[in-house]
Amino acid sequence: MKTRRARFPAPRRTLRLLAVALLCGFALIWSTPLLWMLVASVRDIPFGSTDAASLMPDFKPTNAHFADAFAQGDFVRWYVNTLLVTLGILMVQLVTITLAGYAFARMEFRGKNLLFYLFLLQLTLAPPILIVPNTLMIVRLGLYDSLPGIMAPYFASAFGVFLMRQTFKTIPRDFEEAAILDGASFAQMIRLVLVPLARPGLIAFSIVSLTSHWNEFLWPLMVTDSPDKMVLTVGLTSFVRSAEQAADWGLVAAATLLVAGPLLVAFALFQRQFVNSFLFTGIK
Amino acid sequence: MAQALTEAAILAPRLERPAQARRTHSAISTSLAFWLLAPSFFLLFLFTYVPILEALTQAVSLEGFGGKPIGYGLGNFQRLFADASFWKALWNNLVYGLGTVAPSIILAVVLGVALQEATRLNALLRTMIVFPVVLPLVAVATLFAFVLMPGVGLLDHHLAKLGIAATNWLGSPDTALYAIIGLSIWKNAGYYMLFVLAGLQAIAPELHEAAKLDGAGPVSRFFRITLPLLKPTLAFILVIAIINVVTQIDHVIVLTGGGPSDSTNIILNYIFQAAHQQGDSGRAAAATVISVAALLSLSVASLRTLERGMHYES
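Heads up: the protein sequence lines correspond to chains A and B, in order.
Numbering follows this note's numbering, with no gaps: position 273 of the first sequence is 273.
Counting the second sequence from 1 gives a position; this note's numbering is that position plus 1000.
Relax, there's no trap hidden among the hints.
Label pairs and their calculated CB-CB ranges:
1. A:A19 - B:I1203: 19 to 25 Å
2. B:S1297 - A:R12: 44 to 50 Å
3. B:A1038 - A:L192: 18 to 24 Å
4. B:D1214 - A:F116: 42 to 48 Å
5. A:Y117 - B:Y1178: 37 to 43 Å
Since the hints were made in silico from the structure, they are not lab data.
Computed from a prediction, not measured in an experiment: that's the story for all the values here.
For every residue, glycine included, the Cβ atom is placed at its ideal position computed from N, Cα and C.
Go ahead and model the full structure; you've got the sequences and the hints to work with.
Structure representation (C-alpha cells):
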C-alpha cells in the first residue's frame, strides 16, 4: 500500500478513486433489472401498488409468488422437457463432434478441404434463419410436435466439430500410436485415450451447448404445439402474458427467476469454466 | 513379374516400402474418415443443405390457389420487393444493427480496459456485467417488459425521481426500436467484453512499459498500442455481433411482435410472421434466401476471422 501511495501523486489518486466509483455505479445500475427480479420475486406487492419497481427488500420475504407460479404454470413438466431436450442434444452432439473432429484433425482423405468448407457453412447459418424450411423437414420426418423434433437439427454441430478438431490437434500423436501398438482397437483408442485427453474441449463445448439450448425459444415455439411439449422458455412467455395483464409483477419476477435461475447459479459457481468455454467456442 | 517386384523391393526398399505403406494407409483412412464424418454430414445434409435448397426452390415456385404449384418464376421475389413492410424490416434491421453493434462493442472495450487488472473488486464488477449473458433472451424480454412499463416500471419509476415524465417506451413507434436496442446492448455487451479481456491479456505488458518510459500517457497508449493490437479480437467480435443482430429475435417476438406499426419489425421477424401468421411460405422463402445469401457472404468473407477466434484459449 505504502509503495503504491508513493508511486501515485495525489491528483492521480483522486482520479483513480473517481474512476473506481464510476465503475461501481455503472455496474450497480447495470444490475438493477436482475436485482429487481430477485427482490420482487419474494416481496409482497399489494395489488395496484405503484411501488412495484422498488429495489428495497422489505425483509418479510414471501414464497407466495413461487407457489402461484407452480400452481398456475406447468413448471415441473417444462423443467423435465427442457432437461430432456438439452441433455439429449448434448449426448448426440458429443458423439458426432468427436468422430468428425478426429477425422478432420488427423486424417488425410480426398475432398477433405471441400467437406471442411461445407461444414463451415453451418457456422453462420444458425438454425433460426432456416426456420421455415427446417419446420417443413421436421413435419416430413414425422417429428412435428415432439421433443426429438426440437432436438434433431442440433445433433450435428459445425462449432463442435471445429472445436474438437482444434483440441485433437493439440494432443501429440504419440499417445494414439502407443495405444495402437499396445493392441488397442481404433474405437478403444478413441474412447480410452483421446476422449480423456480432449476433456477440456468437450467440457467447453458442453457448457456452451447446454446454455444455448436451455435459452432457445424460437425453434421450439415453431415445431411444437401441444402444452405438454413446451420447454421452459416457451412456457414462460405464455405464462407471463397473463400475469402481465393482471399486473402481477411479483409473479412475473418469480417465473422469470425459475427459468433463468439454474443458469445464473451455475454461472456464479463455475464462472471460470463458463468464461473459458465462451471464449473457447466464440459463438454460442 | 513376382521376381521383378521382389528385386525392386530389394533394390530400393527404402524408396518403395514407405510409399506403398502410405498408399494403403490412406485408403484405410479414407474409408474410416467416411464413417467418422457420416453422422455429422448426414445430419447437416438433412437440416442445413436440404433446407437451403428447399428455400431456394420454394422461393422460385409459384403457387396457385390451395398451395398447388403452377410453375416457376420470380413472382415471390416480386411480391417481396413490392411489400413496403419488407423494406421497412430491412431498414429497421440496419438501424437495429448499427444501434446495437457499435455501442456494445465500444462499451465492451471501455469496460474491458477499465476492468483488466485482476483485483477482487474488478472480478466482482465483471461478474455483474456478464450476468445478463447467461440469461435466456426471453427471460430478458419478460424482465424488460416490466423495466419499460410506462409509469410504474423500473425505468420510469426511477426517472420520475429525476423529474422525467413517464414514457411509453415499447408502445410508441418513435421509441420502441431504441428500447429493443437498449435491451440487446444490455444482453450482449458483457459477452463481447469477455473477448476484449482475453485479447488484452495477450498484449505483452513490456509494450506498455516501454511506451511509458518514452513518456506516452494512458490515452495515447490506448490508441497507439491497445487498440491496434486488439484489432483481430474486435474483428471477431464484429462478426459475432452481426450474426446476433440477424438471428436473435426472441425479444422482439415476446415484447412487440414487430409493432407498433412495424417499428420494431426486423427481417427474421418478418420471415417468422410471413410463414407462421400469414401462411405465405413463398414470400417467407424468398426473404429466407436473401438472409441466407447475406449470412453466407459474411461467413465466406470472415472465414479467417472466425477460425482464428475458434480457439481463443485463455
